[in-house]
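Protein chains in written order, with full-length UniProt numbering: chain E, 1 to 298; chain W, 1 to 298; chain A, 1 to 298; chain S, 1 to 298.
It should be emphasised that the hints constitute simulated quantities derived from the structure, not laboratory data. Source: prediction; values computed, not measured. Ideal placement from N, C-alpha and C gives every residue a C-beta, glycine not left out. Warning: the hint list may mix true and false statements.
Restraint ranges, calculated between C-beta atoms of paired labels, are given here [claimed, not checked]:
| no. | chain 1 | residue 1 | chain 2 | residue 2 | range |
| --- | --- | --- | --- | --- | --- |
| 1 | W | G182 | E | P295 | 33 to 43 Å |
| 2 | E | I272 | W | I294 | 53 to 63 Å |
| 3 | W | A38 | E | E175 | 43 to 53 Å |
| 4 | S | R259 | E | E43 | 53 to 63 Å |
| 5 | W | D187 | A | E256 | 16 to 26 Å |
| 6 | E | K276 | S | K290 | 36 to 46 Å |
| 7 | W | G182 | E | P66 | 45 to 55 Å |
| 8 | S | P15 | E | N202 | 41 to 51 Å |
Protein chains: 4
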Amino acid sequence: MANSKYEYVRNFEQPDPLLPNTWLVVRIDGRGFHKLSAKYGFEKPNDRRAIDLMNAAAASVMKDLPDIVIAYGVSDEYSFVFHKSCTLFERRESKLVTTVVSTFTSYYVHLWSSYFTNVPLSAPMPSFDGRAVMYPTDHNLRDYLSWRQVDCHINNLYNTTFWALILLGGMGATEAEKELMGTYSSDKNEILFSRFKINYNNEPEIYKKGSVVIRDYELVEPKKSTAAVDSPGMAEQESSDAERGISAQLSKTQQEKERKRREKARITVQHIDIIKDEFWQRRPWLLSNKPGKIPKEI
Amino acid sequence: MANSKYEYVRNFEQPDPLLPNTWLVVRIDGRGFHKLSAKYGFEKPNDRRAIDLMNAAAASVMKDLPDIVIAYGVSDEYSFVFHKSCTLFERRESKLVTTVVSTFTSYYVHLWSSYFTNVPLSAPMPSFDGRAVMYPTDHNLRDYLSWRQVDCHINNLYNTTFWALILLGGMGATEAEKELMGTYSSDKNEILFSRFKINYNNEPEIYKKGSVVIRDYELVEPKKSTAAVDSPGMAEQESSDAERGISAQLSKTQQEKERKRREKARITVQHIDIIKDEFWQRRPWLLSNKPGKIPKEI
Amino acid sequence: MANSKYEYVRNFEQPDPLLPNTWLVVRIDGRGFHKLSAKYGFEKPNDRRAIDLMNAAAASVMKDLPDIVIAYGVSDEYSFVFHKSCTLFERRESKLVTTVVSTFTSYYVHLWSSYFTNVPLSAPMPSFDGRAVMYPTDHNLRDYLSWRQVDCHINNLYNTTFWALILLGGMGATEAEKELMGTYSSDKNEILFSRFKINYNNEPEIYKKGSVVIRDYELVEPKKSTAAVDSPGMAEQESSDAERGISAQLSKTQQEKERKRREKARITVQHIDIIKDEFWQRRPWLLSNKPGKIPKEI
Amino acid sequence: MANSKYEYVRNFEQPDPLLPNTWLVVRIDGRGFHKLSAKYGFEKPNDRRAIDLMNAAAASVMKDLPDIVIAYGVSDEYSFVFHKSCTLFERRESKLVTTVVSTFTSYYVHLWSSYFTNVPLSAPMPSFDGRAVMYPTDHNLRDYLSWRQVDCHINNLYNTTFWALILLGGMGATEAEKELMGTYSSDKNEILFSRFKINYNNEPEIYKKGSVVIRDYELVEPKKSTAAVDSPGMAEQESSDAERGISAQLSKTQQEKERKRREKARITVQHIDIIKDEFWQRRPWLLSNKPGKIPKEI
């Protein structure tokens, strides 16, 4: 029995390749996490278990998908960055987005009980939506990540102050909201310090900076003369191929070597500044996609 | 601290609305399920636990997303159909696809242990990819679903015979593959019957027909004179609005009524023919999107 | 000398197929025609030469592109409709849109001097932009064309009254605009009649109805019982293929016959109602894409 | 008479913005120019009138659309390049492509009689199709243009030899084709020289290099140390904005100044190498989009 009579329906599937030589960011967001955080009693303003779970899921995604170069997470959102030379799934948008979203969700649910012990999940289950965005230049990509990290700071300062007013100051939510309306960062710092003896600078980095997930190679001493967005140390041909956005024609042996170095690399979660040049200068592998040196075990 | 300096990166997000007045099918597929089925020892040719788990996850997706009209699953794939008048997420493709994929994955992992008792999941975790396809007419949509159900039949007949040759006939995989090369359905039926006394017609419907998930209303007596793809019983204005693909301007009261009828409807999983007209004629709510009559509890 | 080093740039070209089984409308619009009409002294409210030129260009486009089923024009815009089963250029959006726009522009400039004698064109030259829109059902397509024809009526009634106030009533543009602000159709009819003895109903059909360009076959007596949007008289298999949106598997002989009937058909420009069912019922070839009967020469 | 009943059809129009911060190339191609060149008796292998007409039309397009930075043409194709920071028509693909195609066609037809005197145009009229392609980096853009210029060379060498074999060598087309099958550039050079005393290097540059259309500013002395793809001489903030792909926040006065410098710039057509760095280094305005210095009239 052939299937030819109905097979024409495949023609309705439309191609969705993302533009070559652009950075691909897949950002996922928790669906209805306001409600979900209430249901499972997340602590305010930040629930360490919830953040640790997000980070564990993100690290697992990076392990399963070695094409991801860096991930950045805050609250119930996570951004996964594929290198501009990435050709995974022939850069088909649906494939890339759904694979990231599904893998993340899978680990999130699987790992839930390790972080929320004795808090069983029940329907409706947590879920995430996602989208892909293309960024043509290293500069644009860095600005995207800076945007997320600045947002993290703005939101965390607000939330820290908001919940201090409520939990420590005894205000209601509406009253606290009103109190903060129109305030600047300095005002919020002042409220925290003068009323609650909280120095915002001493708040945990994980909440102030969000979480950065990368493969861990030996840090590089930044060269004075080299701009951050360049790919220092590349041979000229490689550099040229990289600028074209096509995978360098590496020999099988070289490819195998790179694969192994990626697999061997430890995936780490850090809470550091990714806005300044230093982060990128010391980790040239992020923009170049050439795996760095595996640090010696101690 | 304002975020204006980096916020321009939002302009790189591109709109992705799906065309109005088209049926939306989100089809998800297990990633690397060949390997996964080996890892967890799925029975061959069909593992009832695996299929039941897929169906349970699909039913949960339909419960969480009332905009889904019908779902059809076979093996490690599932198709979810949104009505052509659906406006969920303003029909944004990424939102629709990722929400379905993530919700499905979430339930799949959550419910795993109910179906695979004492078979704990471990990394790499199961995941699914997905894509959306638009179908302009009822006819195209039905042909899509027919395509999947015919495919189910073709694959199941092949797999049943293939594994009979191996498990009952003692052949190796290569030998069995060679044996089946170029055979017709009738040949496979003959092999099953003459060599293994298996009458394919008596195989379980769940494997032969796949699984159909719908909201369960009272079946309707098909009208002799009405074509299946019409929407019988609609008032003229409603019918006209339906043909335009715009949501009829229902009164708040009517909308509330419909919502309740949808919520009250039991979600059922059946293993029946969806190719023939009868299935659609008896369930006019599938194509019309007007909830049917809730059957009386017995 | 091979070109392989640079040829990778072809990979940046992205596919743009339009969805199968949808009506394709390419609408073109004059760029900056307000300024252009001043430059060449178009008569107000309507310049017959300008409209005749638009119509002549549109008819030529239909002659060159037999895949176009119907075109409708008003003022400096024209809509060209490709049948939902059309496979020209594999339905690539850019190809379809640019071909229509370019062919139209070419004839517009070429034929200019036949309609504007002694009014030579000069830089900046007239040009048109265009876009494609998909409509899934016959109903949607008819609504699109109805939308344009209603717009034609609304604009023409407004312009006729506006220019009567100016040319016959001696008003300035601002004054006339103010006078018409907030008026209904009936008010404008009244102004025309009471102040200027103009009965709007007696205005030329070409301005009130716009211009419809079709291939001219023998009109069909509408069947009482058949809905306009069906395809009466089709054999069942053909009808089924038509509903799928795939080209019926016509024999070579049949295809050749159809081609000839299309080529033989005279292209006519008419100024008639295309909103009511009658227009479509009497010209079933428009929706079915089966060429009608060539009228006998008299 | 309101138009609300049908106006819903506008919802079927889909957004089509091109990605910010990418170079936009609109390439147009003559439709059926093989046939057209026979109809109007184009000379072989190159017809100077036809090329001059293409170039004149392209120069007019650049005059009408100041957002175009450079255009490159060969045979019946032309590529128009919009700067990566261009925001014309909000970067809507259809608008950009159709405007270029239509404007080009308009001038092509209008100027025809200036180049083909006593060769009147007749239906079917010349027309062009077009498409837009995005290139993320300066490097990719330059590779695109290099690709076209290398193609020009390859085709022209082939055609020159092919037609020499026919027109001077008395061969038939099939025979000439066979003669050239599998030959390298050096073989064709040899054929031209040994059989027909033609030194390919002495062929006109317009055929060997194609045509480059740019605004003519004072050439810049290339700096030894600066890579071609950078934007030398920019102040740091400007450079940073340029890398972001957003229009620098120029003051009104500055904008006005730039507009005037663009308008004052003469548009020139040249037949020179655009593959080597020199072309770009001496004309930094092409990649930076900062208008250069208007040369003094002599």
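Cross-check of the supplied hints:
no. : hint                          : verdict
1   : G182(W) - P295(E): 33 to 43 Å : violated, 57 Å
2   : I272(E) - I294(W): 53 to 63 Å : holds, 57 Å
3   : A38(W) - E175(E): 43 to 53 Å  : violated, 60 Å
4   : R259(S) - E43(E): 53 to 63 Å  : holds, 57 Å
5   : D187(W) - E256(A): 16 to 26 Å : violated, 41 Å
6   : K276(E) - K290(S): 36 to 46 Å : violated, 29 Å
7   : G182(W) - P66(E): 45 to 55 Å  : violated, 40 Å
8   : P15(S) - N202(E): 41 to 51 Å  : holds, 47 Å
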